[in-house]
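Student: Using mature numbering (1 follows the signal peptide of the UniProt record, and there is no 0), the letters of the sequence shown map in sequence onto residues -27 to -1, 1 to 1069.
Honestly, the hints are just simulated from the structure, not real lab data.
Errors might be hidden in some of the hints.
Claimed, not checked - Calculated pairs, BS3-like style, for lysine-lysine (alpha carbon to alpha carbon, straight line, at most 30 Å):
{"no.": "1", "residue 1": "Lys830", "residue 2": "Lys840"}
{"no.": "2", "residue 1": "Lys212", "residue 2": "Lys328"}
{"no.": "3", "residue 1": "Lys330", "residue 2": "Lys371"}
{"no.": "4", "residue 1": "Lys263", "residue 2": "Lys330"}
{"no.": "5", "residue 1": "Lys448", "residue 2": "Lys262"}
{"no.": "6", "residue 1": "Lys136", "residue 2": "Lys180"}
{"no.": "7", "residue 1": "Lys214", "residue 2": "Lys136"}
{"no.": "8", "residue 1": "Lys863", "residue 2": "Lys818"}
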Amino acid sequence: MKNNRSKLSLFTQWLAAAIASASLCHAESEKESTNQKDRGALEEYNQELRDRGWHRKEANALTDALADTFGDDLLLPLPAPDQFVTKLFAGYQADYAKFEKDFPNASIPLPKGSPSKAGVWSRIYMNPTGGRIYDLELNPKNPDEIYANPDGDGIYFTKNGGKNWHVITDTIPTRLHRNCAENIIVDPRDFRHVFSISHYGRMYETKDQGATWSLVINTANQQGNVPQFKWVEAFRDRKNKLVIIGVVTKGSGRNGGWKPGVYRTENTGKTWQRIAVEGDKLQEMAFHKKNPDIVYLAGRSKLFISKNAGKSFSLLKDFKTGDRPMFITTLYGADADGLYVAVSTGRDTQVHFSKNKGRNWQLRQDSAKKVGHEKGIFGNDGSSGWTSFFEVDPFDPKHLMASSVGNCESFDGGVTWNYFSWGKRANAIMPDGSVIPSPHAGHNADNHVLKFHPAKRGFRVKGCDGGIMAKWEDKAANWTNISGDMPAFLWFSIIVNEFGDRYIAGNTQDLNVQTYRYGVWENEIGYEGDAIFINPYSNVTYYPCSPTEKGEGLNFLEPGNWKMHSWNMPKSTVNYSNPDQFFVAFGRRETSKSKQLPKFLYQSNNRGVSYDRVPNLDKPVFAMNVSRTDAPILTIFTATSVMATSDWGQNWQTHPYPKTFKASGGTRKVSGAVDPNNPKRLWLGGKDGKVFFSNNGGASWQDLSGTLPKGEVSELILHEGTGGDLYALINGYGVFYKAADSNDWSFWMDGFDLRDFKEIRIDYPQQKMVAASYGRGAWEAPLMTPCERFYPKGFAIKQLNELADIKVFGIDSPLVTPDYYNYHWTINGKPQGSNTPMLVSKNCKPGDTVELTLKPKHTTGIETRSKALKAIALKDNFGEGKAKPVAIDKSYIDLGMLELFGAKQDLTFEATVKLSQAGVVAGNRRKFFRDAKGWYLDVNKDGELSLHLSPRQNGNFSRTYKRPKDQALVITSPKKSVPFEESVQLAFSISAQGLATLFVNGDSVGQAEIDPADRDYSLNSVLSTTVFADPFGKHGSSGEIENIRVWHKLLTGEELKANRIKLSSPDGLVYFILFNDADPVEMLTRKPVVIKPDTM
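Start from the sequences and build out the full structure, keeping to the hints where you can.
Tutor: Below you can see the structure in the form of structure tokens.
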């Protein structure tokens, strides 16, 4: 092991230093971060873990866990890091056993097909899926039957070639061992006879394809565990005895303590024999296809052979040069004595062939010496200890396939090879049987396994990070995804929007960002395996490599090389009374300066166009909230204290956490929740399953932990509106629920049969919890107490105005809740049919009773009724007079949230302007395509007027579909339709049947029909309606504006022409501004119109 002694020494020095300085866990109270010497030791130890075979992300998490656990508990230094790892996971398994006693329902899976109800998880269905596949087994008698082992999951089975899959390991009695560690072990005589080995070393056996499982105890191991295999297989020897043989490559791991080498059992795992082999870094094995007693074993350079079914091995050939895993593949039928080996030296490879079991060899390829293919055959690279396969076709001994990240294929026995890039998009079989470009998991990177079917010519199946891919004899040009409805998907994060049409997104391992809109999953480009956050008042998602408009995210997203480095669990919040205001912060690991991200709390006051640091704060923030009280309070949780400010950081009030509280290690040191209606009520989560409550802003704390298991409380979520329902995600255990009126926690994972999730979020419009699973993708569950979030029973409404006998009413609240409710207005108990935040009525008389019932658009069974209001007489008029247009230059007008553009509703929008510069005239969607929904009017320099309509939110399908990034319906006038420096009326109308017409001065200049599939969706958005720029203040025009009107009826061209002189009739008018002074006011509501400086 390279530099092993120095690294162990550094780790010992670090641990000794941690002991000398007492609790590492609370080091932040003493100093801001680990000092450079300690950090350097941790980085060395982290590298040691990677050298021992841990994946980078696992090594990061493990380093944090070891530092946190052993530093805090003050354990003495041990002689090797493997012992730390073994002790860490042994302690976890003991804690898990106690958890199963405290929560006995944790081990009982629900019957398949159980009805969806509160607290029961179900998949957010995706087909086809993707996700890393470690192993495959094909039934030699039936090519339609396949087993697959996805990362982070169990064993799946299909009987119809991948159309449908079901998991067979969820019936294993304990969740802890339902994951299968990289290998599927199948009895070659009975395809229903399967063994599964968990990450923690427990072996289970089924003889009925998962209907029942029995635990196999290794009697020679203190814990009863079997070895931690990198490669393992079952075979029948010449006497038909079932033998399981495998290779351990690293001694550390969840099932640590095993010495690397070959292990073998003849009694289905009850005892294991370690086979002495004089070679190191052994990994791959292969069997003679006719004589199963002949087994080949590969190191880096040395090839070994066994002639007694693996009981002993002898050196067959030393190829001298290898420094990466050697791969072996053996021939079939009459050529069964033949074998190929691929030896890797760095990125170079050699291919050797023997036709007589290794007695003589031919060199077929040597890239270093320019023999044959001049690059490595593993996708123009050498092999890898984590990825790679090397296989021969059963029907053609000259046909070979090899891969690591990319793919290579040879048809002349390994001399020449054709290279296929990992980036070539795969196809996918869709649920209806059609074959299209794979919509979710199309790449071919990070290949782990390939199997040719021994009886079906040309049929081969591979497992890669993109899922399960197949080729057939008549369809060999491209890989086709056959993952079907298998839920396997490695999700790191999940977000869901709060307003508007439902939108879920998550960042995944190697499969970019998956988005869910309108019941369909799509794929967007992004830096894989990272976090994601969303601004609920723009519905724009942000993640590394997310497309951003020029200038977007100033002072925050643009500096340095932010796009290529981990964001690590961003936390964000908004001010629900001020949609412009948005806060975001990151938790992250200490790392080199070149990869450091802004760790502070940032604030945007323009919906995310630009950001500034919140002042007087230099600590990482792990949770935050802005209250919905009359005077908003920002509350944040750091690693050591809760802090609050009523002036956005100018002054802070700080309270430390209770003395018995311990912050966790890693990127999510604490979790926290705040009651937005009473910010003195706080909840705090951290290490060892501890949850605390304070009702005085953190001055004192009460322990609510009860019997929660000893894991990191990585998410603590208050269900707003319930009075105190809590949901806690505890790493390694799952989700737990506590009702507001209860002291007890319940295990809240029914319907989901693995251990835990990576992240959870409340989908308030749907009243569901959504979750990201590292193994099974996206899930959802109805919340225990569906309730109203923003407006309590008896909320206030008010009369806004009266104009020409038209009375106008609205909600008496500063909260902004766009596209969230259906509005049911009544006058004297009679429904008014106005589904808008404002009631505009000619029928209301003084003394009439007005009431409003709010019903969330996407949830049934929830409604909140206002306090009744008596209408009064007000005196006002339209004040036509002589309008004085407002001039706009390098600024724009914000009209606020207008929910007036409903689906299947007659409507007309008109504005009278005098333009001096081309650009956006008006709209409620941003011009940039990202996540855009709504409409905007635009005039170009040639006087061409265009109307852009997006009833559905735009996707960004740059990785999958070759359609436009902006999927709007665009209606365009002829050039020179709009004169500059002249007063001109611009208008559009949309009928309830979807016919959209564009007008200039009452003349129709364009017309088109909205797609029938889009007509059920409104043109409302979560953004303000703005004039002279889009809602982000970009793409501005300039000039003067005279008026704006919105009607809930279709105006003819003649009516529009009449309106140019004077308002023809108020019937159907729902919005009206006459710009007749320097301080314009919306005529119906008397709400001031805001003029903002242009951000560009």
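Student: Now tell me if each hint is right for this structure.
Tutor: Outcome of the hint check:
1. Lys830 - Lys840: holds (21 Å)
2. Lys212 - Lys328: holds (26 Å)
3. Lys330 - Lys371: holds (17 Å)
4. Lys263 - Lys330: holds (12 Å)
5. Lys448 - Lys262: holds (27 Å)
6. Lys136 - Lys180: Between lysine 136 and lysine 180 the Cα gap is close to 24 Å, so the pair holds against 30 Å.
7. Lys214 - Lys136: violated (35 Å)
8. Lys863 - Lys818: Violated. Lysine 863 to lysine 818 sits at ~44 Å, over the 30 Å cutoff.
Taken one by one, the earlier hints fail for this structure at numbers 7, 8, listed in ascending order.
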